[in-house]
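Number of protein chains: 2
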Amino acid sequence: MKITILGCYSATPRTFTNPTSQVLEINNHIFLIDCGEGTQVELRRNKIKFSRIKHIFISHLHGDHFFGLIGLVSTFRLLNRDIPLHIHGPKGIKEAITLQLKLSNSWTDYPLHFHELTNTESEIVFEDEKVVVTTIPLQHRVYCNGFLFREKSGDRTLLIDKVLNYDIDKAYYRSIKKGKDVVLDDGTVISNNELTKDPKPAKSYAFCSDTKYDEAKIPLIKDVSVLYHESTFLESHKHLCAKTGHSSAIEAASIAKKANVGTLILGHYSTRYDNIELFRDEAKTVFQDVKIADDGKVFEF
Amino acid sequence: MKITILGCYSATPRTFTNPTSQVLEINNHIFLIDCGEGTQVELRRNKIKFSRIKHIFISHLHGDHFFGLIGLVSTFRLLNRDIPLHIHGPKGIKEAITLQLKLSNSWTDYPLHFHELTNTESEIVFEDEKVVVTTIPLQHRVYCNGFLFREKSGDRTLLIDKVLNYDIDKAYYRSIKKGKDVVLDDGTVISNNELTKDPKPAKSYAFCSDTKYDEAKIPLIKDVSVLYHESTFLESHKHLCAKTGHSSAIEAASIAKKANVGTLILGHYSTRYDNIELFRDEAKTVFQDVKIADDGKVFEF
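Heads up: the sequence lines are chains A and B, in that order. Note that the numbering used here has the first sequence beginning at 1, numbered continuously upward. Note that the numbering used here has the second sequence beginning at 1001, numbered continuously upward.
These are calculated hints, taken from the structure and not from any lab test. Ideal Cβ positions, reconstructed from N, Cα and C, are used throughout, including at glycine. Heads up, some of the hints might be wrong.
As the list claims (entries may be wrong) - Computed list of lysine-lysine pairs in BS3-like fashion (alpha-carbon distance at most 25 Å, straight line):
no., chain 1, residue 1, chain 2, residue 2
1, A, K91, B, K1047
2, B, K1091, A, K102
3, A, K222, A, K212
4, B, K1130, B, K1002
Claimed, not checked - Label-pair distances were calculated between CB atoms; the ranges are:
no., chain 1, residue 1, chain 2, residue 2, range
5, B, F1050, A, E300, 52 to 58 Å
6, A, E194, B, T1015, 51 to 57 Å
7, A, A216, B, K1091, 43 to 49 Å
8, A, T271, B, K1257, 44 to 50 Å
Stated by the list, open to error - Derived list of chain A stretches under chain B, where covered just means 3 residues or more per stretch with a C-beta under 8 Å from a C-beta of chain B:
no., segment
9, 67 to 73
10, 94 to 103
Kindly produce the complete structure, drawing on both the sequences and the hints.
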């Protein structure tokens, strides 16, 4: 699992920081999460192949999370994309994109599918044999969802030395990996536990931005491997959190702790701060495994 | 008169080139012309004060000329702008911007005025005592206007030594600068020509992008000081001009020559070319005073 931070600062793009966008690589999928202005350039800078992006998830319709989407959709067309693109985001996103395509007398030659979200309860928005993606309803100034990406557990791992101790036809290997016991020709039952070990643990990634401090989401993100949680403010400005619908570093860390996550990544910093290390310092007073996002940074788990 | 090129490449933004946007400073006005994705960052990079921009002119609604507008409008608000902003552009631009503001449950605290253009004849879109701005109808794939910015001729310049030769009350200086003769108390008439010289010549700038080769605009841009004319293609791809509604370097130069302009600036290069010097080389076979735009380049006249 690999997370590439294209942008992780709040509000306005600057010459040296980008608004929110990130790329999650999980179980051979590449998902784009949020798409602030300039995302297409940051994708190029980070050498993410456009054609591998098939699903884009947009948390909410504030500009620093989606103003780059129309440019990316248009560029895909100019580059002669032909594979489908799925956009998952709040109701209204389809109108915003299609209106701008219409005004430019343009269109997409590739299939463009909108999946508009209105549910205030968590729901599955994408699922295949490798991954399931569910929404995490967030509390912000506008309708907003985080997204939870979970690898599906793979097959059990064959202990091949053990298997070869017995005269087992290879045709049975697949059912053994699925957890079945084996019955030999003489009737002896070989327990699956003897022949396999647990599959590689499934990883999970929860993206939670933008949101105020809200414990309601904790059951949804319980025990995830990695939580990206916004931390717009330091303690010195924590009085702004409630009014703006954002979180402080310590609030993000409290959620991480209560949800028992593996690693917490902080981001969505207010551009008023010069030293983002302070976010880690403050969060670490509550939760140990804290990393801080920065534009261009890559995290592998 | 100063022109700052924020971006002058066609189609998609890249890590090292920007789509169309430029800043014209003329007679103490600052005008923003077109606003491709990333313009707000380029304005910062080029240290253009946001608050000095009061008028934005958008040629047409292709993405590489206006996808940066919503971000700039939003950023102005986040920075607590309170002075009015006027946006001049094709019909539809108001809907595109206001829809996106509405979706983000946002607005502007400053007065935002849209001046939507539908006329296919040239018309005045802005005028004050210093400058007049008129549209230049262009032939492109969608409704498109260039813009002609003309300084108004100032007052005649007093030849103060000559004036002091006579007993002329200062109260008359203003009318002398306006071209009036002076009648002395003894009835002697002093011709204005003796007391003043011609005002500084008024400068003019014509922005013509995007457009195919079209001589219809020549009367409108006749004798302008500086013409910015798109040149998307070199001769090697001139067969693409008609289909795409763009011009070659030589076509741009032909327009410059026929319109008898002072200086031609080329831009809107297709991103297929690595060496933009070739645009100058080709244009110079037709017209002498050719300059080539590049991102971050500043021209002063």
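We went through each hint and held it up to the structure:
1. With a CA separation close to 37 Å, the supplied pair K91(A) and K1047(B) exceeds the 25 Å bound.
2. Among the hinted pairs, K1091(B) with K102(A) is consistent with the structure: their alpha-carbon atoms are about 12 Å apart, no more than 25 Å.
3. Of the pairs offered as hints, the one joining K222(A) and K212(A) holds, with about 18 Å between alpha carbons and a cut-off of 25 Å not exceeded.
4. Pair hint K1130(B) plus K1002(B) holds up; C-alpha atoms about 15 Å apart against a cutoff of 25 Å.
5. Take F1050(B) and E300(A): their Cβ atoms lie about 39 Å apart, and the range 52 to 58 Å is violated.
6. Between E194(A) and T1015(B) the beta carbon distance is about 55 Å. The supplied range of 51 to 57 Å therefore holds.
7. The beta-carbon spacing between A216(A) and K1091(B), approximately 45 Å, falls within the hinted interval of 43 to 49 Å.
8. Checked against the given bound of 44 to 50 Å, the beta carbons of T271(A) and K1257(B), roughly 49 Å apart, stay inside it.
9. Against chain B, the segment 67 to 73 of chain A contributes 4 residues with a C-beta closer than 8 Å to a partner C-beta. That satisfies the three-residue criterion, and the hint holds.
10. Coverage of the segment 94 to 103 of chain A by chain B holds [criterion: at least 3 residues with CB-CB distance below 8 Å; count 5].
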